[in-house]
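As they're listed, the protein sequences go chains A and B. Quick note on this note's numbering: the first sequence kicks off at 1 and runs consecutively. Quick note on this note's numbering: the second sequence kicks off at 1 and runs consecutively.
Note that these hints are calculated values from the structure, not bench results. Mixed in with the good hints, there may be bad ones.
[As the list claims (entries may be wrong)] Just the calculated beta-carbon pair ranges, DEER-fashion:
1) A:Ile564 <-> B:Asn669: 40 to 50 angstroms
2) A:Ile197 <-> B:Gly623: 22 to 32 angstroms
3) A:Ile197 <-> B:Ile197: 51 to 61 angstroms
4) B:Asn618 <-> A:Ala195: 19 to 29 angstroms
5) A:Ala195 <-> B:Asp112: 51 to 61 angstroms
Small disclaimer: the values here were computed from a predicted structure and weren't measured. For every residue, glycine included, the Cβ atom is placed at its ideal position computed from N, Cα and C.
There are 2 protein chains.
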Amino acid sequence: MNISLLPSLLGAFGMVAAFVVYLLVMKYPDGEDKVKKIGDQIHTGALTFMKTEYKILLAFVVVLVVLAYQFLGTETAIAVIVGAACSSLAGFIGMYAATKANVRTATAAQKDGAPAALSVAFYGGSIMGLCVASLGLIGLGGLYYFYAANGGSHIHALEGFGMGASVVALFSRVGGGIFTKSADVGADLVGKIEAGIPEDDPRNPGVIADNVGDNVGDVAGMGSDIFESYCGSMIASIAIAYTMNSESLMFLPLALAAVGLIASIVGIVIVKLQSSKEPASALRSGTLLAPLIFIGMAYFVIQDMNDVPVAVLWCVVSGAVGGVLIGLITEYYTGGNPVKEIAESGETGPATVMISGLSVGMQSVVIPILILATIILVSTSIASGAGVAGVYGVGIAAVGMLSTVGITMAIDAYGPVADNAGGIAEMAGMGKEVRDITDSLDELGNTTAAIGKGFAIGAAALAALAIISAYSAQVSSVYGEAFSLSLNNPMVLVGMFIGICIPFLISAITMKAVGDAAFEMINEIRRQFKEIPGLMDGTADPDSEKCVEIATKASLKKMMLPGIIAVAMPAVVGFGLGAIALGGMLAGGLLGCVALALFMANAGGAWDNAKKYVEKGNLGGKGSETHAAVVVGDTVGDPFKDTSGPAMNILINVMAMVSLVISGLLPLNGIFF
Amino acid sequence: MNISLLPSLLGAFGMVAAFVVYLLVMKYPDGEDKVKKIGDQIHTGALTFMKTEYKILLAFVVVLVVLAYQFLGTETAIAVIVGAACSSLAGFIGMYAATKANVRTATAAQKDGAPAALSVAFYGGSIMGLCVASLGLIGLGGLYYFYAANGGSHIHALEGFGMGASVVALFSRVGGGIFTKSADVGADLVGKIEAGIPEDDPRNPGVIADNVGDNVGDVAGMGSDIFESYCGSMIASIAIAYTMNSESLMFLPLALAAVGLIASIVGIVIVKLQSSKEPASALRSGTLLAPLIFIGMAYFVIQDMNDVPVAVLWCVVSGAVGGVLIGLITEYYTGGNPVKEIAESGETGPATVMISGLSVGMQSVVIPILILATIILVSTSIASGAGVAGVYGVGIAAVGMLSTVGITMAIDAYGPVADNAGGIAEMAGMGKEVRDITDSLDELGNTTAAIGKGFAIGAAALAALAIISAYSAQVSSVYGEAFSLSLNNPMVLVGMFIGICIPFLISAITMKAVGDAAFEMINEIRRQFKEIPGLMDGTADPDSEKCVEIATKASLKKMMLPGIIAVAMPAVVGFGLGAIALGGMLAGGLLGCVALALFMANAGGAWDNAKKYVEKGNLGGKGSETHAAVVVGDTVGDPFKDTSGPAMNILINVMAMVSLVISGLLPLNGIFF
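Only chain A is shown next, with the shape it has when bound in the complex:
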């Protein structure tokens, strides 16, 4: 058998594993009438959103495919389709499974207690994790087999896969992010503050939309996001290896990802086996053991391959270890002492909560970026020392960080499933005991989600850097020495200034989008409380579907502008100012995206947990003035951490991938100059 077929086959095996886990989830009962009904509402709402979103996406992808076909050939056009399809499928299946697991987690908590509930929630997340890794291997591995392996000559077509995947990711992340936070902010502001009913109260018309949002934003959106970094890092490494004329180096990223999938499956089993004891340590040992197993397997893979220097293993190690470290730093800033300080600053009101949270967010940028710089330094010098292009080392470090994406994503997606289960338990009135179990699972999920977010940012940054390097290598192969990205070149500087603006602009647009969409949501919820008789007494049902519809429409409308800016900017700058300015733009964009992503994600996470800290009874607990102050922080943190922040990861990857795809068509200096 041809060895280059192996990644796809392992991917197929991973999909089977995902299906097995799905069957395990479905073995659990979906609960009694009321519980089942709520679960169905969330499931249907999520599907409705996804269907509408994918229709819009389809139109967008068709345009891309036509353009790709016209300017880059049939192979690239096909790759765009495959990339978009795999990314959509990963998001869709993962979200489908998550909306089956949430209601079963709640029921398991009621019937069988905490360990069973943890199992179901974690299974739910695992399906997402396995799908992301497996579909990436199937899609990219398959294209590699047909286009690149054994002297195939359509290597650049693989970049189309990346573009298809990243565009889908962008819209899913931004659309999902606006959906989830407009529903969340809207439901909270009217429900908790105006109507004076608790969170997730079934009388609140916006609560179903809020729970739908967790799935479309935190599950499907996050899945497409990681999928895109995962494939992007592989594509970039392959493209760089191609300029070195080494088929072994080209195949290495796929081989690493394939054994990473195996390590992830082992990790998932480890978590499952330990989950009956201590949930927190179970998840943590899965997170830490899977990369170790992966590194061990990577050693044998690298040693086994001809022409691959064994030293390259250290690039893999630097990425895998760096990813874990960034995750732990994120955990500190969103869970450690800084959170307590923010909560304490609530004693002097919301203004000081804001100041301290913004300060924590800004501070949290430093160490993760220094870790990234260290990974770059280490991986490039190892690679050059081993006689391989330095940037290939960065690509492999990114692959190393992302190879165990199966388990990382599983643990990450577990969070929203547990969160949803809590919401369902509250809405269905399943009692305090059930709610306590789901609360503890949810709290754990918040920590793992924070780690996952830090990891996602680090991985996206490295993947983007690798793609930018591949862009630079490809343009160089056309223009040779004339293509110089020296900081002394004013075109590079101009590009960098343009680049640093884009993340600020997209953040501003997405923040405002959440505010506007939440405003529509607030008006609808207010209307229902006013116009539906018996709603407050609980004798009449709210029109939850209407709220889902509003969030869907608003979010899909508002995702267009940032999406188009992200996709169009590389073409505008690339053709308008030239390939040199575009190189500068990508560098400036990378710096801005990474810094803002960390700033917003960590400030948001810290505010969220400061609120939870007070709600546990500290500093006066719920209902105190300190609580009111930290709630303000949490509300501001919502779009920070779940809309604008995550959009940054994809923004830079979309821009880099589009640049890579069009790199062969660009003028050195643009038409405007």
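Here the structure of chain A is known, so what remains is to put chain B in place on it, guided by the hints.
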């Protein structure tokens, strides 16, 4: 007479003009007993702070001088002393005059009405503006005459002047920024919210400190800030011209600044002549006419000089016009529609005020940075087209933007003088009519201050870019082709990642410093209200000096860490990772500093004016819930716009200037690698 002596002589003339204006201010009466006493308290408090600050600064400068003497020779050491002395003197005289003008403005408002009050306040600001421009010309012009003119061979010693000036600026800006906002936030939180007394009420022990803060932060700090950009842009242009071996091009920046001073004096006279009619249009016509006059004079200067291509005038124009445009954009974001939107979002509480304000701040980054990019593109292509190094064009554009600093700074410093006059009127109980006049002057001052801030950021960015280019040119002259700042070089990337962290770190530290210092202030004010009998009835005086002392101590203690980081980072990276990584760091730092400076300054300005908009009676007016919400925004905006934001301008200039000074000593690749 030697022509290269002219700039210094014109500088001396400017100082005489400043003295004449000072005498004009002193002709006005300083008011009755109570008014005089309050004025004296502010004046003494400000002097006390400055003296203590300058003692600390002296120690720091001594260390720098010794290091400069040891490694770079006597000339550089002398230049460091001159630079630090000129910068300190400019700040000191300006602030001294401002604290004489404030009380006279209040008295003039009472006795002679609005036009007289405007005159005094504007005179007060003008002294600062004239001192900045004149001392820059005297100090730098003098050093140029001795070290560089007529074939002098100590051109690099001029860089010591820049380092001395920028280090003083850094500490003044950061120390002053922490002082002013800790006093402001502390006085407001206890006075307005807890004790329920109005702003600037004489019973509030923190009010004198608050008014002192306006002078040490917004006058002295801003003065040193602009002084440093002003001299930095000239030094960088001279250094770049030196690599081109053209004495005419070396002298051009000083010649431009000299005629800029004349244009500024003309502008000041224009404002004075028009001020009896419409204050707003008087200030505006001064702002717009002075650059026009300057451009006209610059044309004759350039035409008159041998070896200077006339096309270079367009570099001057691009800078001068760009500066005005950035100012106008700033005015829009901090005064136009966005402010109304923020105020309206206050109707749904403080969280939405925060979200909309952050969104406005982020959006406001885009156009000014694109203007900067355009200036770079235009000025470099004009310069290269005229046969001069492209980066020299950027330097001259920066000089063009900053040459009319005399009037820009005058209009900017007018704001805090008017603000202080309002505070004095309130504290002394001078009545509603007087307060109305000072309020209208203050409001106008807020707009001009916003424009001044935008201008300061743009100028600082261009100056820093010119200094970085000079750094690059000097290292190149040592290492030749081996010194390449290509984005493909991992060392450049690592440097850029380090560079983008620094502005976030310094912002985080300074924000937290304000929070901590305000906390100390709050405790002291609370103590006084509790322990001083009769304070609330007005029968006993508060211990204002104690509050000034606390703000002084806290701010000087807290300015050390950010100051040391800023000065040390170039040396650490330069010697540790090498000159290439340091080049990357400066580029990354530049992007981060410019973006964060705009983001924070404009978000803060917009929040401030949203509060004022509501206080004018809109959306429920004072005391409404909307008002409470926008007050939160204003409080968060305080450290944003007056501490952390302005620190960014100087941060990048200090780092660039230190790098330029040590450029001759650096290894290509550092000792760690």
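Regarding Ala195 (chain A) and Asp112 (chain B), is the given constraint of 51 to 61 angstroms on their beta-carbon distance met? The hinted range 51 to 61 angstroms holds for Ala195 (chain A) and Asp112 (chain B), with Cβ atoms some 58 angstroms apart.
Regarding Ile564 (chain A) and Asn669 (chain B), is the given constraint of 40 to 50 angstroms on their beta-carbon distance met? Since Ile564 (chain A) and Asn669 (chain B) have Cβ atoms about 43 angstroms apart, the given range 40 to 50 angstroms holds.
Asn618 (chain B) paired with Ala195 (chain A), Cβ distance criterion 19 to 29 angstroms: holds (28 angstroms)
Are Ile197 (chain A) and Ile197 (chain B) spaced within 51 to 61 angstroms by their CB atoms? At roughly 38 angstroms between Cβ atoms, Ile197 (chain B) and Ile197 (chain A) fall outside 51 to 61 angstroms, so the hint is violated.
Is 22 to 32 angstroms right for how far apart the beta carbons of Ile197 (chain A) and Gly623 (chain B) are? holds (29 angstroms)
Checked against the numbered hints above, the structure violates only hint 3.
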